[in-house]
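So the sequence lines, in the order shown, correspond to chains A and B. According to my numbering, the stretch in the first sequence is residues 1 to 436, in order. According to my numbering, the stretch in the second sequence is residues 1001 to 1309, in order.
Worth flagging that the hints you see were computed from the coordinates, not collected in a lab. Hints should not be assumed to be uniformly reliable.
[What the hints assert, rightly or not] Counterexamples of contact, computed for chain B against chain A with all Cβ distances above 12 angstroms: (1) Ser1059; (2) Trp1116; (3) Asn1252.
[To be verified] Looking from chain B toward chain A, a few residues come up when the C-beta cut is under 8 angstroms (computed): (4) Thr1050; (5) Ile1052; (6) Gly1058; (7) Gly1084; (8) Leu1085; (9) Tyr1086; (10) Lys1087; (11) Met1100; (12) Leu1101; (13) Met1104; (14) Tyr1221.
We treat Cβ as the ideally placed atom computed from N, Cα and C, and that holds for glycine.
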Amino acid sequence: MDKIWLVIKREYLTRVRNKTFILSTILLPLFFIGFIVASAYFSIKNTENEKIAVEDDNGIFKNSFQSDKVITYEFPAGVNADNFKEKGYSAFLKIPDTYDSRHDSISLISDKQLGIAAEDKVKDQINAAIRNKAFLKNNINKKILDSINAIHEEDLYKFSTVIKQGNKTEQSNSGLSYGIGFGSGILIYMTLFIYGAAVMRGVMEEKMNRIAEVIISSVKPFQLMMGKIIGIAAVGITQLLIWMVLITGLISITSGIISHNMLEHMQTVGTSMSSPNNTAAINFLTTKDTFLGANWGLILPCFLFYFIGGYLFYASLFAAVGSVVNEDPQEAQSLMLPITMPIILSFVIMINAVGKPDSPISVWSSMIPFSSPIVMMARIPSGSVPGWQIAVSMISLVAGFVLTTMLAAKIYRTGILLYGKKVTFKEMGKWLFRKS
Amino acid sequence: MAILELQNLKKYYATQKAVDDISFSIPEGNIFGLLGPNGAGKTTLLRMITGIFYPDSGSILFEGKKFDPVKDIPKIGYMPEERGLYKKMKIGEQALYLAMLKGMSRTDANRKVKEWFVKFEMQSWWNKKVDDLSKGMSQKLQFVITALHEPRLLILDEPFSGLDPVNSNVIKEEIFKLAQKGTTIIFSTHRMEQVEEICDNIVLVNMGKKILDGSVKQIKYDCKENIFKVGFDSIPQSFPNDVFEIVRSKDNFLTVKINDGYNPAAVLQQFLTHGASIISFNEILPSLNDIFIKKVEDTKVSRQFQNVN
Chain A
1 MDKIWLVIKR EYLTRVRNKT FILSTILLPL FFIGFIVASA YFSIKNTENE
51 KIAVEDDNGI FKNSFQSDKV ITYEFPAGVN ADNFKEKGYS AFLKIPDTYD
101 SRHDSISLIS DKQLGIAAED KVKDQINAAI RNKAFLKNNI NKKILDSINA
151 IHEEDLYKFS TVIKQGNKTE QSNSGLSYGI GFGSGILIYM TLFIYGAAVM
201 RGVMEEKMNR IAEVIISSVK PFQLMMGKII GIAAVGITQL LIWMVLITGL
251 ISITSGIISH NMLEHMQTVG TSMSSPNNTA AINFLTTKDT FLGANWGLIL
301 PCFLFYFIGG YLFYASLFAA VGSVVNEDPQ EAQSLMLPIT MPIILSFVIM
351 INAVGKPDSP ISVWSSMIPF SSPIVMMARI PSGSVPGWQI AVSMISLVAG
401 FVLTTMLAAK IYRTGILLYG KKVTFKEMGK WLFRKS
Chain B
1001 MAILELQNLK KYYATQKAVD DISFSIPEGN IFGLLGPNGA GKTTLLRMIT
1051 GIFYPDSGSI LFEGKKFDPV KDIPKIGYMP EERGLYKKMK IGEQALYLAM
1101 LKGMSRTDAN RKVKEWFVKF EMQSWWNKKV DDLSKGMSQK LQFVITALHE
1151 PRLLILDEPF SGLDPVNSNV IKEEIFKLAQ KGTTIIFSTH RMEQVEEICD
1201 NIVLVNMGKK ILDGSVKQIK YDCKENIFKV GFDSIPQSFP NDVFEIVRSK
1251 DNFLTVKIND GYNPAAVLQQ FLTHGASIIS FNEILPSLND IFIKKVEDTK
1301 VSRQFQNVN
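Build the full structure now, drawing on both the sequences and the hints.
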C-alpha cells in the first residue's frame, strides 16, 4: 500500500508541475470566457448604427418602417445607389416607384455584407408593412390594427412546463437541462480520451525507457498500474476543480464589469438579431441566474461519480494497450480502436439521449458500463430518471471497472516486459486466461 | 551458508522451455557468474529470483527460507539488461523515488543517495535530467540506483556494457568492495574475460538447462585438455613420437597436447633425450571463452521454438 502511494505521488507531482499542465489549466478558462465575451461584444458592436436610406418616392412604406436600436430607417431626398455611402448610410433600400404587383423586386444595396440577421430584419419590416397595407386596403380600421399589432406574447400569457411524478411537481427548464446534460456528456467524453490517453502514454513511456523492469523488481505490476491510474485521476480532478473555480470566478467578474443594463441590451439585441452563435454566447452570460434552478444536489455528485467511474473503467484498458505497444505509434492507433469505438458510440447515443432521455436506447445504454458514464449524465439533468436506474447504472459501472481492471492487469503484467514483438489480440486473449 | 538456493526450477512459455529444471546454490559473499548464450534462459531465471515471475515448479530459498517477494525484495538489487530511467525526471528525485520504492524511509533514502553521489562524484547531477547524461553516465547512475539500498544480493545483468575502461574500473572496484562487505553478487554476462577476472563461481546454462556449475578454477581444471607450453633456447628439430602432438610453434615456444595415457614427465623426457634445452614448462588451462564456445557450439546457435506439451 505504501508503494502504491509512492507511485501515485510521483505520477501526480510530475504531471502537475509540468509547464503544459499549468498553462492549459489556467489558459483554457480564460480562453473560454474570453471567447464568450468577445463574441457577445462583437454581436452588439457589429449591429449598432446600421443606417439605411430608403428610396420610396411614392411613400408606400413611408410610415410603416419602424426604426429600432439596431437599424434606423430614413427617407432622405437625393440619395441614390451611387452616393449613399458618402451621405453616411450603410445601405440603400430601393422600393420600385409603383409598388403593387407581386413580381416587383425590392433591392437592398450595400458595399459590404450586412449579415443575415440584418437582412432578415429588413425583410420582416417589409412584410409587416405589406400586411398592414393589405389590412387597411380591406377596410380594417387603423385603430384596431394598431392595437392588434401592439399585442406581445408576454402580455398575454406566461408559458411554463411542469414535471409531475406522483405527488412531486417541479418546474422544468428543458433548455437548461438540455444544456447541462449535453455539456456534462461532452466533458466526460473528452476527459475519457484526454486522461485515458495520458495513462496509455505513461505506460508506453515506462516501457520504452526500459524503466518498467527496474520498477517491477520493487513493486508489483498491479501496484504500478493502479498507482499511475489513480495518480492521473487525481490530476484530472485537480484540473476540473481549478477550471470550475476559475470559470465561476471569471463569470462573476465579467458580469460585474458588464452592467446589468448592458446584459439586457445584449439579450434584446441578441434575440432580435437571432443569430444562433451569438444567442448562445449571450444566453450563457445572461441566464446565469437560472442556472441555480437546476437540481445541482443530484447533478454534481452524479457528475463526479460518472467522471471518476468512467475514467476508471477505461483507464485500465488504455494501460493494457500501452503495455503491449512497441516502438511503433501506429500500432497504438490500431490497438486503441476497440476502446475508442464504444466511447465514440456512446457519444452518438448521448446526443440523441439529451433530447429523448427516456427512449429505450437511452435507458439501456445508460445502464451498460461501456456507455453509462456519458449517456447517463445526459439523462440525469432532465429529472426524469428513476432512482433504481441510477442505482443499477452505478453498481454495474463499479462492477465493470473492477472487471476491466482485473483483466487489463493480466495483459499489462505480461506486456510491459515484452520487447520487440508485435502482440495480437489472440495472444492477449491467451494471457487473460493464464494463471500467474 | 548459501544465500540463494534454486531447486528444480522450471518455467515454460507457450513455445519454449525457458528454464527447464535448474538447480544450484550461491554461497553468501560470492561473486557469481551466470553465463549462457543469448536466449539460454538467463533473464527468465533472474526474473524468477527477483520475484517478477513465479516459477511453474520448483522452489527458491533465500537466506535459507522460502523466497517471499514482498518481504525479501528490499534485500535484493536488480539491474536488468533492459534498463532505463525516467528521462524527464530530475536525477536526485528519481534516485530518491526508486530507493523509497525499495522500502527505505525518506530520510534514509536521502542520506544514502547523497552518500553514493559523493562517492561517485555525481553531486552536480542532482537537478539534471537523465536526458542530459551520456550513455556511460546514465549507466553509472543506474548502478548507483541498484546498489544504494545496500542489498544482500545484487544482481547485475551486463553491468559494463557501454562503459569506458575508466568507469568500468570504478564499478568493478565497487563490486569488489561490496563483496568484501558480504554482499553476494550475481553477474550475468557473455563477456568471458570479465567473468574470469571477477567471478568466484559460475553456472553455465544453455537451452534452459544447466551445463556447468562450480568455481572458476575447478571448471578450468576440469575442462583442461592437457596442453602445455614449452620454452626452449632454440626450437629443436621435430621428431616422431607417441607421447604428444605439436599444436602450435611460435618464437622459441612449442605448444603441445599430451596424448592419452602419458603424463607431462614423459614429454619432458622425450625432449631431453633428443637433446633440447628447455627453459620453461607451463600447463595451459583453457580460457572460459574456449570452454563456453566448446560447450555451447554443439547446440544450435539460436534456440528453436519447441512444443512444450
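Quick rundown of the hints versus the structure:
no.: 1; hint: Ser1059; in the structure: holds (16 angstroms)
no.: 2; hint: Trp1116; in the structure: holds (16 angstroms)
no.: 3; hint: Asn1252; in the structure: holds (52 angstroms)
no.: 4; hint: Thr1050; in the structure: holds (5 angstroms)
no.: 5; hint: Ile1052; in the structure: holds (5 angstroms)
no.: 6; hint: Gly1058; in the structure: violated (15 angstroms)
no.: 7; hint: Gly1084; in the structure: holds (3 angstroms)
no.: 8; hint: Leu1085; in the structure: holds (6 angstroms)
no.: 9; hint: Tyr1086; in the structure: holds (6 angstroms)
no.: 10; hint: Lys1087; in the structure: holds (6 angstroms)
no.: 11; hint: Met1100; in the structure: holds (6 angstroms)
no.: 12; hint: Leu1101; in the structure: holds (4 angstroms)
no.: 13; hint: Met1104; in the structure: violated (11 angstroms)
no.: 14; hint: Tyr1221; in the structure: violated (36 angstroms)
Violated hints, listed in ascending order, are 6, 13, 14; each of the other numbered hints is respected by the structure.
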